[in-house]
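Based on these hints, arrange chain B on the given structure of chain A.
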Amino acid sequence: MGAQLGKNLIEVEGLKKYFNVGKGKVLKAVDNLNFYIREGETLGMVGESGCGKSTAGRTILRLYEPTAGSVRFNGTDIYKLSPSKMKAMRRDMQMIFQDPYASLNPRFTVSDIIGEALDIHNMAGSRGERKKRIEELLDLVGLNTDHATRYPHEFSGGQRQRIGIARALAVNPKFIICDEPISALDVSIQAQVVNLLQELQERLGLTYLFIAHDLSMVKHISDRVAVMYLGKMVELAESEELYRNPIHPYTKSLLSAIPVPDPEVESQRKRILMTAEGGGPIRSADDDSEQPTLVEVSPGHWVATPY
Amino acid sequence: MANNNLTNKQPIPTLTAADFQPVDINQRESEAIKRESLSAWRDTWERLRSNKVAMGALIALFVIVLASLIGPVISHWVHGYNYKSNDLLATNQKPSGTHWFGTDDLGRDMFVRTWMGARISLTIGLAAALIDLLIGVIYGGIMGYFGGRVDTVMNKFSEILYAIPYLLVTILLLVVFKPSLGTIILALTITGWINMSWIVRGEILKLKSREYVLASRSMGAGTGRLLFRHLLPNASGPIIVTLTLSVPSAIFAESFLSFLGLGVQAPISSLGSMVENALTGWMYYPWRMLFPAVLISLIMLAFTLLGDGLRDALDPSLKNK
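Line by line, the protein sequences give chains A and B.
Going by our numbering, the residue at position 179 of the first sequence is 179; the numbering climbs one at a time, nothing skipped.
Going by our numbering, the residue at position 196 of the second sequence is 196; the numbering climbs one at a time, nothing skipped.
Isolated chain A (complex conformation):
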């Protein structure tokens, strides 16, 4: 993307989110994440289903309270904010959700869905102003302004996802977490939505954390890519570097799973299977073994060791 990258907008340090599963066991959904995202950058986050990507995203937005760690937005630790300050902070951090069918309230009209954030933060002075802003947002995501009075069930998946994007943009956020925004969409629509996201990033100077499991799409949109496995980050590098020179066995295994659109190459492609690793994410609460540390193997390329 080569955009002008500024200072660190988001700094995540030692972030942990454990869920109690009973009998003294905890599910370490997110275990000791450390990374930063620069202003205007897109950080891709990949990993298999259930590896803690979405939980990480939701914890960073403080939709879940973290077990430990800190997330600094522009230098402010958001976990230390009072409820009223946190509410104000939410104007800067938004989220686009995975399932465009579940993420829109079926009883709201499109204008209520997009206008909700405006109402919560008293951002529209009058009804006319609110309407104008909603039409502006619909226009921004390429929807017809007549759609404002419609209900979500009247739209297709791609259109609904645009409504979700318009909703996230309503408060003029600086940082948006895209939680698998395209995985529920048809392939032809995926490109539309990704292009829209990229266009908006350029126009509005947004910073993205792009969570996905489609590796080629992540490579296309991200400046850097982080690979997660069982709640831990195992590798983090510039996207070109990561795809060219994967080091962690899990990354290698993941990349070997990408289908190649060339039948001859594809027939030669070998899946690299990872040899079984000790334990899963469910541990007893006091088990603190196996804390890998990230080591910088080349500038900007971090790998978890031991592996």
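Accuracy of the hints is not assured; some may be wrong.
Listed next, the stretches of chain A that the computed footprint assigns to chain B, with coverage defined by at least 3 CB atoms under 8 angstroms from CB atoms of chain B [as the list claims (entries may be wrong)]: (1) 57-66; (2) 93-105; (3) 125-133.
When the alpha-carbon atoms are kept at most 20 angstroms apart in a straight line, the in silico SDA-like pairs for lysine to any residue are as follows [said to hold, decoys possible]: (4) A:K25 <-> A:K270; (5) A:K23 <-> B:T152; (6) A:K87 <-> B:L226; (7) A:K85 <-> B:G220; (8) A:K270 <-> A:S216; (9) A:K87 <-> B:G224; (10) A:K85 <-> B:R225; (11) A:K87 <-> B:G220; (12) B:K208 <-> A:L63; (13) B:K206 <-> A:L63; (14) A:K16 <-> A:T55; (15) B:K208 <-> B:P238; (16) A:K85 <-> A:N74; (17) B:K206 <-> A:K16.
Some chain B residues well away from chain A (every beta-carbon gap over 12 angstroms; in silico) [as the list claims (entries may be wrong)]: (18) D105; (19) L126; (20) K156; (21) V169; (22) G220; (23) G222; (24) I268.
Source of the hints: derived by calculation from the structure; they are not laboratory data.
These figures come from a predicted structure and were not determined experimentally.
Positions of the beta carbon are idealized from the N, C-alpha and C atoms, including for glycine.
Just chain B, lined up with the frame of chain A:
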């Protein structure tokens, strides 16, 4: 087949570039929705309206409510009867022009008393259902929304309350306090709300993890907005169905208590107490039992059928079927 088609085919006219023209369709234009916009409530109403049984029940209920409101007035106006005026020279009369539903053993006009009784039954049924709704939604909403320990403790409490035989509590209450409209409603609601609270709890538990609720939270919405704008409106379907179906059970309970002599006290009539009164001479004066008994059955049947229809109309998975 394919061969036939090929041989019989007309020669294909040659096409030139001039035959083609770009169709300039504005993409926004093509996305315009022509269908009339329907809110969830309009949609529900349309589906309910196409359900003949439910509409029949709705009309029947409307007629019964109307009759219970104006029936006694008409009778008073035409004949000058009220629910306690009696004529000891005209006891146990058959239905006739002067006494449309006949008279009872004290010579009171059955027409007036039946509709007055329906009034009492409907009032008790609706009041009990609404109180159940109020308590059930608040209690169940708190259980479902806060979850965790709050949910466990509150749920255990309602389970314990539910375990006490309801009839025992009701009869005890009515023996201790003097039976009246208020105490009957109290007795019916003391455990009646539990069912509603469980329905609401289940719905809220299910809905609160939906992404649109999460989206609203990520925008900074507070508890009030989440509950009243997102959770309860989306739980309203099962709530309305439960409400509709709890009316006939309250009416039945009232009739039953009246039949046992624990209902509203004479001279006020209720459908249950009229049936009990008619029991002594039902072989000779069957109309004294027929009118109130048929009316109780009709009211209960209508509410049950309406509740069933509402369930179908509110369930989106049954859409377009």
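task: Find the hints from earlier in the document that the structure breaks and name them by number, from lowest to highest.
output: 3, 4, 17, 22 and 23
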